[in-house]
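Could you slot chain B onto chain A? The hints should help.
Top to bottom, those sequences are chains A and B. First residue of the first sequence: 0, per numbering that gives the first Met the number 0; consecutive thereafter. First residue of the second sequence: 0, per numbering that gives the first Met the number 0; consecutive thereafter.
One or more of the hints may lead you astray.
As the list claims (entries may be wrong) - Computed beta-carbon distance windows for the label pairs:
hint, chain 1, residue 1, chain 2, residue 2, range
1, B, S146, A, V347, 41 to 51 Å
2, A, A351, B, Q162, 48 to 58 Å
3, A, N300, B, E71, 37 to 47 Å
4, B, V135, A, R18, 26 to 36 Å
5, B, M0, A, L22, 52 to 62 Å
Note that these hints are calculated values from the structure, not bench results. All residues carry an ideal CB built from backbone N, CA and C; glycine is no exception.
Listed below are the residues making up each chain.
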Amino acid sequence: MISVMQTLRLALQALVRNRSRSLLTMLGVVIGVAAVIVTVAIGTGAETSVASQINGLGSNLVIVIPGSVQTSGARTGNGGASTLTVADGLAIVKLPGVTAVSPSVNVRAQLVANGQNWQTSATGVAPTFTVVRSWNPATGRFFTQSETDAAAKVAVLGQTVVRQLFPDGSDPVGQAVMIKNVPFTIIGTLTPKGQSGAGQDQDDTVLIPYTSAMERLAGSTTIGSLLVSAVDGAHIASVQSQITGLLEQRHGIVGGAPDDFQVRNLADIAQAASATASILALLLAAVAAVSLVVGGIGIMNIMLVSVTERTREIGLRVALGARGAAILRQFLIEAVVLSTGGGALGVVLGVASSAAIALFAGWPASVSPGAVALALAFSAAVGVFFGYWPARKAAALDPIRALRFE
Amino acid sequence: MTPVVEVRSLRKVYPLEGGDDVVALRGVDLTIEPGEFVAVMGPSGSGKSTFMHIVGLLDRPTSGTYRFAGHEVSALDADALADLRSRALGFVFQSYNLLARTTAIENVELPMVYAGVPAAERRRAAMEALDAVGLVKYAQHQPNQLSGGQQQRVAIARSIVNQPQLILADEPTGALDTVSSEDVMALFGRLNAERGMTVMLVTHEADVAAHARRLVSFRDGHIISDEPVRAKVLV
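In isolation and in its complexed conformation, chain A is listed as follows (with noise of 0.2 Å):
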């Protein structure tokens, strides 16, 4: 009986003796395995990039906005109420799981400066802000607490007000500019945020503090929303019913009265994108595993046609005394051998690719040793099952005929 070292061993020498076929034949598992890893990385890239960019709309934000209120019949919109106080703000900030709140006041206002004017939206808010939306300064400097306390006039303008006001390029920090006719001092200006998910033009506003905006500009005691930022993700829903009890509590609400408040928070966006995200690294994947099947019917193909070839080999063997399971293991073996190696082969270059498009296309791609460990098995697997047929083919050679093959 011929041990499986010296089966393998068989089935190694009669893959060198064909070195080029075999190196060949290897090629389509050798890009299918890299076609996994690398769709996946990009997959994951991808995952991982969108995830991201939500989490710049904010860190893990909770929007309060007040909510409808009814006058003789007439029901407002959402938003309607006039309700939400800074000190619900400063309520809500002890609350357990979160970190950080700001109210925002926005009011439309003309804005006059360097010789231009721009109708745009003025929103005030506290320092906190730029921990709720990560959203920080540019240049110059962001308003302090001090400053907010006081109801300082000092503004921040985002780069869409920037190049409406100062198209010559002037640098804007130092210099004033007219909000609804009150002279107030740009002390800094945003870091480019883009569009909004809803298409909105982030850059098209000011910052300035909530206390100016209240005082100076609506004139108001309430203000339009608070933007509450939560310790991690898993903490948003909890924050949520928290702070619904907290100000149910500070305002009054009791029983089944309607809440004059509604708290959002941005999970619904981030839910859709993500499974946006999973879809595309599954359908590359499908992608992926059909190459690798195309590559083991590559496999088993040229198995078939080496089977006819060596038919007089096989032929030799059995009348050596192979027996024809040996002469079914050694060609099982070649065609795992082919598979495996591809697959190695290809986890080499799927790796290298990954890595190059990371560099190159600046493409975050992070290769998973999971997603190296299924493409391996996976290849190993196509060489058993594309392997059998043509294994059995040749085990079931009759050798007199075998051996008169021409």
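This is chain B only, laid out in the frame that chain A set:
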């Protein structure tokens, strides 16, 4: 002593779809004792090749009995036959059938691989067999670097490497020129005379058959003559 080959009333019929069966062997009786050198002759279609395949355990008879070295062959399954081929039989073919791009010594080792002989022992036995055919210095040559006569001698080394009880040679000189033919036949003669190896040779050339010591002639599936070869041609 147990005969190496003991065949009684051997018949082989190849069924054809039309109903006209081809009868290749019509009742053959033959006994080959250890140490004999038998040549089997006959025109094509005489049944000599079919006979050799059955004796070589590559085919089974339709009826009749065949005892190989005391084993009743019809009682053995395919794996047992394969094991018997690897241990007790050596084949030499007309077209050498060496593995291409494989050195002479690796070709000689092949039967021992299937017999499960350890590597070191394989190497030693293969060198010895190559020595017996005078090709030790060609051990690392590949078939395409050897002449036809040398390739056939490598094939003979492969057939004797397991010390088989019977060497079967199927037209071993069919592809060789006269000089190489003489060489190869002399080699068979020596293996038989000096090492007592039992050889059965199938050929259709009378001068090749003359190297043997016993001549069995086939015609139409029968043995028509079975006689000792007169010593005149032996060198």
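Quick rundown of the hints versus the structure:
{"no.": "1", "hint": "B:S146 / A:V347: 41 to 51 Å", "in the structure": "44 Å, holds"}
{"no.": "2", "hint": "A:A351 / B:Q162: 48 to 58 Å", "in the structure": "54 Å, holds"}
{"no.": "3", "hint": "A:N300 / B:E71: 37 to 47 Å", "in the structure": "44 Å, holds"}
{"no.": "4", "hint": "B:V135 / A:R18: 26 to 36 Å", "in the structure": "29 Å, holds"}
{"no.": "5", "hint": "B:M0 / A:L22: 52 to 62 Å", "in the structure": "55 Å, holds"}
The structure meets every hint from the earlier list without exception.
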